[in-house]
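Let chain P serve as the given structure and place chain H on it in line with the hints.
Number of protein chains: 2
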Amino acid sequence: MGQEFDVKELLHLLEENSTEEIKNALDDIHPADIIDALDDYEGDRTLLLSRFPIEMLAAIIEEAEDDDKGELFDLFSKEKKKEIINEMASDELVDLLETMDPEEASDILESLDEEDAQDIKDLMRYHPETAGGIMATEFVAIIDSMTVEETLKYLQVHGEEAESISYLYVLNQDEILQGVVALRDVVTSSFDTHITTLINTNVISVEPGLDQEGVSHIFAKYGFASVPVVDKNNRMLGIVTADDILDVVLEESTDDIEKMAALAHNEGEYLSTGVFKLAKQRIFWLLFLMISATFTGVIIQGYEQELASFVILAAFIPMLMDTGGNAGSQSSTLIIRGMALGEIAARDFFIVFYKELLISIIVGVALAAVNFFRVWIFHHDYMLALTVSGALFFTVILAKTVGSMLPIIARKLKIDPAIMAAPIITTIVDALSLVIYLNLARHIYISALVK
Amino acid sequence: MGQEFDVKELLHLLEENSTEEIKNALDDIHPADIIDALDDYEGDRTLLLSRFPIEMLAAIIEEAEDDDKGELFDLFSKEKKKEIINEMASDELVDLLETMDPEEASDILESLDEEDAQDIKDLMRYHPETAGGIMATEFVAIIDSMTVEETLKYLQVHGEEAESISYLYVLNQDEILQGVVALRDVVTSSFDTHITTLINTNVISVEPGLDQEGVSHIFAKYGFASVPVVDKNNRMLGIVTADDILDVVLEESTDDIEKMAALAHNEGEYLSTGVFKLAKQRIFWLLFLMISATFTGVIIQGYEQELASFVILAAFIPMLMDTGGNAGSQSSTLIIRGMALGEIAARDFFIVFYKELLISIIVGVALAAVNFFRVWIFHHDYMLALTVSGALFFTVILAKTVGSMLPIIARKLKIDPAIMAAPIITTIVDALSLVIYLNLARHIYISALVK
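In the order they appear, the protein sequences are chains P and H. First residue of the first sequence? That's 1 in this note's numbering, and the numbers climb one at a time after it. First residue of the second sequence? That's 1 in this note's numbering, and the numbers climb one at a time after it.
Keep in mind that the hints were calculated from the coordinates and are not lab data. Bear in mind the structure is a predicted one, so any value in this text is a computation, not a measurement. Where hints are given, some of them may not hold.
[Said to hold, decoys possible] Derived lysine-lysine pairs resembling BS3-like cross-links, with alpha carbons at most 27 Å apart:
1. P/K153 <-> H/K153
2. H/K81 <-> P/K221
3. P/K277 <-> H/K221
Isolated chain P, as found in the complex (with noise of 0.2 Å):
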């Protein structure tokens, strides 16, 4: 990865002077790169941070996870601190203020000017991942009377400051949203057009209620590098732009996994957290889970005297629970992911019904085939073949149908599908499959045998 310039290199150039030469070199250098060498840093952070521009201060706080934001801005002192919120984008400033406590962000909130500082309350009321939690208030809005030339000549005075200026937003003087311009059109066309020639009015937008998974969506059909956020009113409100929405679907996805393999949600990376915060993010589903697994444990002894006299039967259920386990969280992994990435709606429920069984049924017959031919190799006895074949096939159309319907079920509850997969479908069919099993032992192998 060509990087070519020595960020180390670079901060200890600083320790020694500061010079305005080096102020200049950092201007080529991006804040994720400045941020880990801080990280690996030894000397005294603040007195380092004191010779750098405040721009950079405010592109290095806005880079930042969310977990160092506010350890970060808490080295600088208040006068520093309101210079440097004066730098930082209208999304990232929400982020920032949503780590603090409630009286240190309304302290710092006061020190903006009183437009900006309606602004990010007006952010703030939003729920921090929906649209309108994500959006920057920065954009560029034009009217459509002008030429190419005279937006390019706006775009010198009032470009530096939007958050992104790949669409310029053509409003009306009630801030309704008419049309869109993108910047490429502008720069590929010859000074003298009108951007009316340019204007797009089929404006895909967002209202700021839509959840970020939901925006995501969005951006992952059309490709867009930003999209407009606007009220009922059509009335432009701000822009979500690409780079957010990929550090959600990285977020989101990962929230699934973690979901999935019975994980509490964690911030931070793995290597940098400590071992009792991971251990915390474990121990409840454990707990949880072990606890209802010993719900198995009360149906095996409702058959212990077929157990006692039978314990060939015993040796099956490991393969039979395991089988089972696997099944149910293929169909429910698909269905939550499906949902995630908006293929699949709750309202096609009885599609994925219908669908899982008739997989589950060629699935089943599968496996029974084969497990029954090898029961039959190995032990000689057709009966128990039989049985657990059987019990195989109806745990795995249990898995199945249970695995698929419990995540479309959540999620008409307004509970995360994600909840519902591989462990808690594994405890379920668990339980399920061994009341099959067991009562197939007990009135087709047994009775046989018994005859």
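Below, chain H without anything else, positioned relative to chain P:
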């Protein structure tokens, strides 16, 4: 989602006639929406599409799912195909060609002019899941002696063709990358500004062999709109754009999630995939795991006598297996996801091992303690509680170390770590925990009773 234009209405109009006006209206509609409407369209798609302008057809094929690209493309005559591919971006054309049989692909390549054909052949040599495989060769190269006004005029002529113009690349006469200029900086600077003052020479670039997951880490870290791909001599080869990367991130997350749930890879959305194809995706791994799990049956049969005499021992097997499986999959999931996000590398083997060992001791003690009291209360059997809790403690430790180490070992062996997820871990941990449990039962529980 303020989609104000009715796409279906437009398709209907297109059926009626094909005036210039309607074709112009098409410009305002995103090809992704046209694809959606075409999916539901019941008339003659070939006839309808014949009325679309060529650029729109190229955009539709570019936007279509990989599975559908070939099918859509085959609707056109040989002549029209040639026109369409001339309008397509290089990276998209490569994707299309890769869905065809080699003969047809080389037929199509011949219709391109020599230079373009060579570009495409070069691109097709890279693995489709590397930077080289997803890059486009259409970027804007400039020289550093230009002013802003000259650059803008240059873009008016040469900007149209580029895949992205968010960054302009400063190359020397040998095509060596010297620096990068953000379009944003160009349009927010006055016309007489010299490009030299806007150049960032500390360019972050990728090599064509870097796998796409590695490329996505660069985008996630820096939030770029595009990244240049350069060879070892820093010669500029192409660019990878953020919208391609969003697709990559979604695809890689889905791949990992599928593997973690023992699902074979399957292109295409759940609802539009046939029952047999979905069943096929699941059968192989279920069969493999079912047969592996029968190993646990052999272990149980080895303790037939103990289990026949003390059926109560069998009652705890499902709980132990489930807890082991869940504890192991927590660890493997965190490590697999951490590696996918670039947070954990294979060289962190020992740190991870040490951390998981400590975590598993904490978690193991907590679970064993709760379990001890539970067994004690329900069975009033001190030795039984000790045996089950002891087995539980060692099972958790084993599960977490095996669960965390196998994905890292897989990565070292150049196998996808996601293979080493819950299902495989569960199968291994099941067998190990049974051996621990039944041995503890034999040597602690039963020998105490016999005395």
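Distance restraint between H/K81 and P/K221, which requires alpha-carbon spacing of 27 Å or less: At roughly 25 Å apart (the allowed maximum being 27 Å), P/K221 and H/K81 satisfy the hint.
Hinted pair P/K277 and H/K221, Cα distance within 27 Å: 25 Å, holds
Hint consistency between P/K153 and H/K153 [alpha-carbon to alpha-carbon, up to 27 Å]: The given pair, whose Cα atoms are some 14 Å apart, holds under the 27 Å limit.
Violation of the numbered hints given earlier is absent; every hint is satisfied by the structure.
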